[in-house]
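Peer 1: Each chain is listed here by its residues.
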Amino acid sequence: MTILQTRAFAAAIALTLMSTSFASGQSAASSDPTEGGKAVFKRANCVGCHKWHGNGGGGYGGDALSLRKTELTRDQIIETVACGRPSTGMPFFVRGAYESSTCFGMTRADVGPGMPPEGGTFLRPNDIEAVADYVLAHVKGKGEPNHDECLNFFGNASRVCDVYKAGTQLPANSTSTGSSSK
Amino acid sequence: MTNKVSYLPGRAALLATAAVITAFTLFPARAADTVTQERLLNSEKETGNWLHHHKNYSATRFSSLKEINKDNVKNLKVAWTMHLGGVEGGGIWSHGGLEGTPIVENGMMYVTDGWGSVYKIDARGGKGTLLWKMDPKTDHDWAGAVACCGVDNRGVALWGDLVISHTLDGRLIATNKETGQVAWQRQVADPDKGEVITGAPLIVKNMAITGVAGAEYGIRGWIAATDLTSQKEVWRTFTLPGKGEPGSETWKDDNKAAASGGGSTWVTGSYDPATDTIIWGVGNPGPDWDNQYRPGDNLYTDSSLALDSSTGKIKWHYQHTPNDPFDYDSVSENVLADVTGPNGVPLKLALEADRNGFAYAIDRSTGKFIWGLPFVKKVTWTKGLDPESGKPVEYDPKKTVQRYNAAVSPHRENKVADICPGNMGGKNWPPTAYNPDLKLWYIPVIESCNRITVEESVPEKLKPREFWTGGGPSQPFKITGSVTAIDVTSGKIAGKLETPFPNLGGILATPDLVFTGQPSGEVTALDGKSLQKLWEFNTGGGVNAPPITFSVDGKQYVAILVGLGGAWDKWFIDSTPELKNIQPGSMLYVFSL
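Chains F and X, in that order, give the protein sequences.
Mind the numbering: the first sequence is residues 1 to 182 in this note's numbering, read in order.
Mind the numbering: the second sequence is residues 1 to 593 in this note's numbering, read in order.
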């Protein structure tokens, strides 16, 4: 082994140990059957519009619906992910949607200019079921996002969840002096 | 090869250290490579270098190099290229892009990628050699989730023996120019509040001046100065007044709207040494499209600000779109130009091409309006500017909520409105260039309209790290672009070259040429007077960054970063469907004869 290979090997062992200890501290998370669905949620860039917490919301581009407040059933979520939503920015994620398979009973010709955009990745049926189960278990019906949910989503390698710690969820501003010399 | 020297253990480190010592012996740091205020003031004397983000303190992006000229530019070809990194996504972004301006000093080039890695490249000898890469390990999810408009970093500045840069997650970083080791760093902006940094620093008198992004996330904008010796903050000037401060009377609501009212400062400003004044543009008010939430003129949003460089105190301001309901930022760079006016009067101007579609010349000693004109083909939100004040003719200072052209303005009773220019503006951050010989000012234009849908804002919706926009845009209309030249002596349009796509990269001017690019991949050279296309090369990526020029070993080069990212391919792509074919990328192109 070269020095670099040795180092990489050591790093791999360290990583394994870290993830093992991390997992043992989070046994609930690691045994969660919707972990795979969470991975799809990340991989298919659902977060790009719905955000990690699923609340979506208006902003610079369109207005992604809140998956926390959604009333869609499992089957409806599966259909929406597979087919997108015509005339909105919600992409379709099944190869051949509106072509080899119809969506909402419609073909591409029926949808016309309302054809939804194509997702950045195509998902297999079991991926779509997994992401729907993840949304049902961890997103739909939940209230405001909290620190534990955020850590469950991102793990602990980023400061992204700090803002959800108790006491920090105040309006992000102050009205202190306009120009300060220090 | 990130900081390889410092992380290798044992024998490898010793060997690497020896290699560095050898390198120092071969290429000892020269006194000429120490950047001083004197050199920054006289950057135009270093004709082969590109020392400032905007080339000089006046932000002209004009180089006097003319080995490449209109007679021979047709022979321009690729000299060398280099693949860079930083394409990976984070937060709400699927990938990063390149918006940076390279800095070149004595044959050494410094560029950044979207996540703020700094690359030092030896550009001597007709080839490019990467000497080091400083990866700041930006917190992708923390920053990327609150970056409204892409994984962007617009470049570095040089000071002493340091390379000064920003990261999206709010840091100012000083890196040793020779070794690539981080000398020190300081958290300047706070992503927990929705603040990120995309702009390059401006160096003035041993201070790094930093602007902030986040007007779509309810920030209270600021411009901050950090002492580069003590590493401490010298001043921080908020762009929205605190309670009782001048300008606070222009926030007439009961919502404390000024505390989260935007006013970001994410484009590098300019500096007038004659008056020791920093001139810096301020972004839109928030919530962007619900101006009834924030009645009043909303100072100093959508304004150009003049600041005393030593204290940060505001000397004057000029506001372009009071109580803005359109997202018409005034973050653009102010170009400092001295011309003789129509009556033979010498004018010291600050030129700004605003998102609202109008180009403005302001007297930079007083902040008074001189002239303004539309530089886009289509403006619908106003019938024009008042010739005396420069305010939109519909502006009524007695009203607390402005309607402008009420038929097309978005507001709570007109929730879906089509506006021209669209909310990305007639010109966004991509920089203009000014040729002081021809007195022509070249604007990279987005010829656009788009649709705004208003959503009424209520205080309960204001949350840290969540969008605070009062609605959103959509793109039912095709968007194109142009390079538009303005004769600064007359304040009239001198020429317009229309382009199939919006100009998302910006402009470089040389004595008789203009260089620019297209998001569809082309880098082009135009005749500086006629704007006729003289040369074109397709990079195969999307141009989203401005070209520069430099010389080394007596030879002139043109350099440009290529990699479509930013706001366009997430938020605005439906207006340019052909650009969906442009793949993410990260590449440096360098051209020569």
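Worth flagging that the hints you see were computed from the coordinates, not collected in a lab.
None of these values were measured; they are calculated from a predicted model.
Where a beta carbon is used, it is the ideal one built from N, C-alpha and C, also for glycine.
Some hints could be false.
Covered stretches of chain X, going by a simulated chain F footprint (3 or more residues, C-beta under 8 Å) [what the hints assert, rightly or not]:
id, stretch
1, 139-153
2, 559-571
With a Cα cut of at most 25 Å, we get these calculated PhoX-like pairs of lysine-lysine [to be verified]:
id, chain 1, residue 1, chain 2, residue 2
3, X, Lys415, F, Lys42
4, X, Lys377, F, Lys140
5, X, Lys463, F, Lys140
6, X, Lys415, F, Lys69
7, F, Lys142, X, Lys463
8, F, Lys165, X, Lys461
9, X, Lys137, F, Lys165
10, F, Lys42, X, Lys315
11, F, Lys142, X, Lys377
12, F, Lys42, X, Lys580
13, X, Lys205, X, Lys315
14, F, Lys42, X, Lys66
15, F, Lys69, X, Lys461
16, F, Lys69, X, Lys463
17, X, Lys533, X, Lys377
18, F, Lys165, X, Lys463
Peer 1: All hints are to be evaluated individually against the structure, with a verdict given for each.
Peer 2: Against the structure, the hints:
Evaluation of the coverage hint for the stretch 139-153 of chain X: fulfilled, as 7 residues show C-beta separations to chain F shorter than 8 Å, against a requirement of three. Counting residues of the stretch 559-571 of chain X whose CB lies closer than 8 Å to any CB of chain F gives 3, so the stated coverage by that chain holds, three being the minimum. Taking the CA atoms of Lys415(X) and Lys42(F), the gap is near 33 Å; set against the 25 Å cutoff, the hint is violated. Note on Lys377(X) and Lys140(F): the hinted pairing is violated, with a Cα-Cα distance of about 47 Å set against a maximum of 25 Å.
Taking the CA atoms of Lys463(X) and Lys140(F), the gap is near 20 Å; set against the 25 Å cutoff, the hint holds. For the hint linking Lys415(X) to Lys69(F), the alpha-carbon distance of about 23 Å falls within 25 Å, and the restraint holds. For a cut-off of 25 Å, the pair hint linking Lys142(F) to Lys463(X) stands: about 17 Å separates their Cα positions. This hinted pair checks out: Lys165(F) and Lys461(X) have alpha carbons roughly 19 Å apart, not beyond 25 Å.
The straight-line distance between the Cα atoms of Lys137(X) and Lys165(F) is roughly 23 Å, inside the 25 Å bound, and the hint therefore holds. Distance check on the hinted pair: Lys42(F) and Lys315(X) sit about 48 Å apart at the alpha-carbon level, beyond 25 Å; violated. With a C-alpha separation of about 48 Å, the suggested pairing of Lys142(F) with Lys377(X) is violated against the 25 Å cut-off. Proximity of Lys42(F) to Lys580(X) is assessed by CA-CA distance (about 21 Å); at most 25 Å being required, the pair is judged to hold.
With a CA separation close to 18 Å, the supplied pair Lys205(X) and Lys315(X) stays within the 25 Å bound. Simply put, Lys42(F) and Lys66(X) have alpha-carbon atoms about 50 Å apart, too far for the 25 Å limit, and the pair is violated. A C-alpha spacing of about 15 Å is found between Lys69(F) and Lys461(X), which places the hinted pair at or below 25 Å, so the restraint holds. Restraint check for Lys69(F) and Lys463(X): satisfied, since their Cα atoms lie roughly 17 Å apart, inside the 25 Å limit.
With a CA separation close to 20 Å, the supplied pair Lys533(X) and Lys377(X) stays within the 25 Å bound. Using a Cα cut-off of 25 Å, the hinted pair Lys165(F) and Lys463(X) holds, with the two alpha carbons roughly 14 Å apart.
The earlier numbered hints that this structure contradicts are 3, 4, 10, 11 and 14.
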